[in-house]
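J.: Spelled out, the chains give:
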Amino acid sequence: MSEWSRICAISDIPALGARVVEVAGTTIAVFRTADNRVFALRDRCPHKGGPLSQGIVHGEQVTCPLHGWVIGLRDGAAEAPDEGCTGRYPVRIVDGDVWLEVTPRPAARTAKGREEPQARSVVSGG
Amino acid sequence: MQKQRLVVVGNGMAGGRTLEELLKYAPDLYDITVFGAEPLPNYNRILLSPVLSGEQTLPEIILNDLIWYERHGIRLHLDSKVVKLDRTARRVVSEDGTAAHYDRLLLATGSRPVILPLPGKELEGVITYRDAQDTRSMIEAAARFSDAVVIGGGLLGLEAANGLRARGMRVTVVHLMPWLMERQLDRAAALLLKESLEARGIGFVLEAKTQAVLGDAAGRVCAVELADGRRLPAQLVVMAVGIRPNTELAESARLHCDRGIVVNDTMQTFDPRIYAVGECVSHRGVAYGLVAPLFEMAKVAANHLAQYGIGRYCGSVPSARLKVTGIDLFSAGDFQGGRGAEEIVLSDPAAGVYKKLVIRDDKLIGSVMYGDAADGAWYFKLLREGTNVAPLRPQLMYGDRNLGNGGYQGRERAAAMTDAMEVCGCNGVAKGTIVKAIKEQGLFTLEEVRKRTKASSSCGSCTGLVEQLLAITAGGDYSPAPRAKPLCPCTEHTHEEVRRTIREQHLLSVDAAMKMMAWRTVNGCARCRPALNYYVLSTWPREAQDDPQSRFINERAHANIQKNGTYSVVPRMWGGSTSAAELRRIADVVDKYRIPTVKITGGQRIDLLGVRKEDLPAVWRDLDMPSGHAYAKALRTVKTCVGSEWCRFGVQDSTRMGIELEQALWRMYAPHKVKLAVSGCPRNCAEAGIKDVGVIAVDSGWEIHVAGNGGTKTEVAQFFAKVETREEVLEYAGAFLQLYREEGYYLERTVHFVARVGLDYCKARVVSDRAQRKALYERLQFAISGEPDPWKERVAGVARHEFESLRVTSESEVTRQ
Ligand code: SRM
Ligand SMILES: Cc1cc2nc3c(=O)[nH]c(=O)nc-3n(C[C@H](O)[C@H](O)[C@H](O)COP(=O)(O)OP(=O)(O)OC[C@H]3O[C@@H](n4cnc5c(N)ncnc54)[C@H](O)[C@@H]3O)c2cc1C
Ligand code: SF4
Ligand code: FES
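Going down the list, the sequences are from chains A and B. Taking my numbering, I'd label the letters of the first sequence as residues 2 to 127. Taking my numbering, I'd label the letters of the second sequence as residues 159 to 975.
Nothing false has been slipped in among the hints.
Calculated cross-link-like contacts (lysine-lysine; reagent style DSS-like; alpha-carbon spacing at most 27 Å):
{"id": "1", "chain 1": "B", "residue 1": "K594", "chain 2": "A", "residue 2": "K49"}
{"id": "2", "chain 1": "B", "residue 1": "K161", "chain 2": "B", "residue 2": "K242"}
{"id": "3", "chain 1": "A", "residue 1": "K49", "chain 2": "B", "residue 2": "K757"}
{"id": "4", "chain 1": "B", "residue 1": "K921", "chain 2": "B", "residue 2": "K539"}
{"id": "5", "chain 1": "B", "residue 1": "K721", "chain 2": "A", "residue 2": "K49"}
{"id": "6", "chain 1": "B", "residue 1": "K182", "chain 2": "B", "residue 2": "K643"}
{"id": "7", "chain 1": "B", "residue 1": "K182", "chain 2": "B", "residue 2": "K161"}
{"id": "8", "chain 1": "B", "residue 1": "K239", "chain 2": "B", "residue 2": "K279"}
{"id": "9", "chain 1": "B", "residue 1": "K831", "chain 2": "B", "residue 2": "K880"}
{"id": "10", "chain 1": "B", "residue 1": "K609", "chain 2": "A", "residue 2": "K49"}
{"id": "11", "chain 1": "B", "residue 1": "K594", "chain 2": "B", "residue 2": "K643"}
{"id": "12", "chain 1": "B", "residue 1": "K757", "chain 2": "B", "residue 2": "K721"}
Simulated coverage check for chain A against chain B, where a stretch passes if three residues somewhere in it have a Cβ under 8 Å from a Cβ of chain B:
{"id": "13", "region": "64 to 76"}
{"id": "14", "region": "81 to 91"}
It should be emphasised that the hints constitute simulated quantities derived from the structure, not laboratory data. In this text, a Cβ means the ideal position worked out from N, Cα and C, and glycines have one as well.
The whole structure should be built from the sequences, with the hints applied where relevant.
T.: Right, dumping it as structure tokens:
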């Protein structure tokens, strides 16, 4: 069972930009790519907690505004040689609206301390 | 559809490198087959010298192992020399009968060592020095025999001699010329080199011709005979007398060769299906024998094979470094100089130091360094980039380290550092990490080290140090950076080319620019997008389209992001002056929005730190002061002193001048931030001597200084012009800044801009040419007049989404999945 919430229209997010939304005390960054796909990540850079929503978006990546780590929007992982990963949230687009999965769930962790990949991180289209 | 077939003949450094580049550009374009005459996969040939001397082992110098080929689906035929090339059937056949068809063929057959036609040359124990097999033979011989003769006192011969000596042999080098390494060194440096090699126990016979190689009864070499009859005992003879491009296969297929396979600037041979790279080619009549040029060729060839069709190879300036541990030697470019060239020489034979710089038309064209080659990489950079060295001239000889670099960013000698010492202060990368990455991952270029380790990828002030580590660790001079560096890894184009294309093609947006110049990445990256956005806007003011998403967050939010995600607000205070009303409003804002820190900045104004993003528009509204642009690549502050209004020494009204300058120039975006100062007399209390434009009042008017910098590396501003009126100050300062806006590279401060183009050039455009000065100033005013006050705009509602967070609506839906 999962609970989804409508958060905005896709046009509310600038292409190659992001908006933030707070869900149960966590700030989530919702990104839009040039080709109108949407991804959601926890708004905390794995480096020193920089707000990823404020970074420059390019392709399927965002460059953190604080020290320039490059984070993948699809997997939340930092580009080598940096290491680290931030949480991902399922999003989908329905009739031009962006829906975010808001089911509270404990962050799954592997032995390495990385967040476990989640099965449906993105539903694109719309 | 069937993939196109690419066949590579020659699995050496150039062939391997081209493949790596090609796989980066177009991993799936070709079905690839590689033939290599050697039994080993692609290895780093230059490191054969440390292998010979026992400092490294063969497995350590493999660049791409068999797994790499497998992973990329490459068919690899080792120990398989191609002997037939049929251009009509587009097919190659190897010695063992293996055949392969191609749609594109890459020849990378390298070169062959020259074998002197001496009697006895086929005796056992007479070898050349080219590949892993030769190195093994030498190591084996060193274990069994005691005497060796190396014929040839060039780079390769000396490295062979040193390696054999390190393995315990008695070594004599026989050289035809009057001094060693005559192609790279002048006599003085060569003499020092010879002395220090002699001190290691290597013997030399100069100006001597070998006449024959003599053998013993078992058919092994036992001595070398010189033309004057002298005999040198030797059970091992290494011929290192030069190389010849290996064109055998190409010639057998009647491909045009002329001391190398002839290629054009895109590395294409006379048969358009066939490309060639490496030591086997002749490009514009030159065949190269060092890796740096080969890597540049590889990049170009890969780009064309990948069907991107951009990039040209325009030749290289060779540089050489002797890889003999403990001997510091570097040479680059034209060290003989010749007509019209000047030389600066530093010679201290007792200390074992010799340096020579050759300069023509204010540019460095060659350098030789012995005993202290730490600045080699820096000189090479000046040389390659054709930097105007006139302003550096007094310190030039003393190197980069003496140009005032200090603190953690200083370029201490890379070699003297311990592994734990930090090289890159921005990313906390220690020397050990970099050295390890270079060795284990086979890195060759600055760009690769940046990508894999992050070292020097931020502020760049440790670039020189990293280049030196590359040189030391990898041995040869690995710095294959093309003459001018591309803007970023998303493109081949340099800042200059990008600026020019935007101007010539009338490109009005970031997207249009990326399309026109065939960007490699879909949306560029955080490095190129802001640069492109600035270039289109500054080239086509009031016409080009701003792209807020291509701006760094500070310029998008019009405030400075802080480490905790809050922002700082610095309102403009004209010339550093304020009023009770402003201060009162500031105080009220601080209370109302609970702003945690209020601070006086180093730029004579007030900083409110820790403002929440969503409060920004309201804070700006309540302050009711103009944006200070403390966050932007734009005019920041104009510092002033009290001047003649109050000060007992003041000779002009510097405060008023500063306010006028600030009011004329604010909202001016630029390649980097711009700071001005105006002092009321030469005591210079406003510190005008370290500003982008510093104005100092004198009795008869104003002195204008430009290109100072008080930041990372302090630079004193240079005298630019002396004028009489305030109007002139505005016009000269504005025109200079407009020149910088139009021709500066993104993130290049005025100090670096002027160092690149030359102060004389700026003076010619602004000071001596009245019409140009006026035109520049007019263009500046035109551009600025189109810029709004960004805070006012946002108070009125522009870009509201930037400051509002989304809210989870009550609409929700539960799904079962
Ligand atoms: C606030 C202030 C320090 C202070 O508390 O006094 C300051 C703060 C910052 N400086 Fe500065 N600099 C401040 C005066 C200076 C000065 C002194 C001056 O302007 O007279 C210098 C040396 C002068 C010069 O630039 O030539 C200075 C040289 C730098 C540099 C090095 C620039 C260089 O070319 O080497 C940087 C880094 C950069 O710009 O890339 C920098 C970068 C920064 C940044 C923007 C770092 C960042 O990206 O976050 C800091 C932002 C703080 C903020 O959020 O407000 N700051 N900074 C000063 C603001 C002045 C103002 O009113 O606008
Ligand atoms: C000991 C040593 C030290 C060096 N030190 C330096 C240095 O410090 N700095 C520097 O810049 N340069 C140095 N060099 C030079 C550098 O190694 C060469 O410039 C570089 O290797 C040339 O690359 P290439 O691919 O053109 O040729 P190679 O690396 O020689 O590769 C050519 C390959 O093609 C193979 N081949 C040839 N014909 C055929 C065929 N018909 N079929 C199949 N395969 C074939 C060869 O066997 C060889 O493996 C050094 C060279 C040596 C030998
Ligand atoms: S520079 Fe110093 S002395 Fe001169 S006017 Fe300013 S405050 Fe007075
Ligand atoms: S916090 Fe993101 S790069 Fe440092």
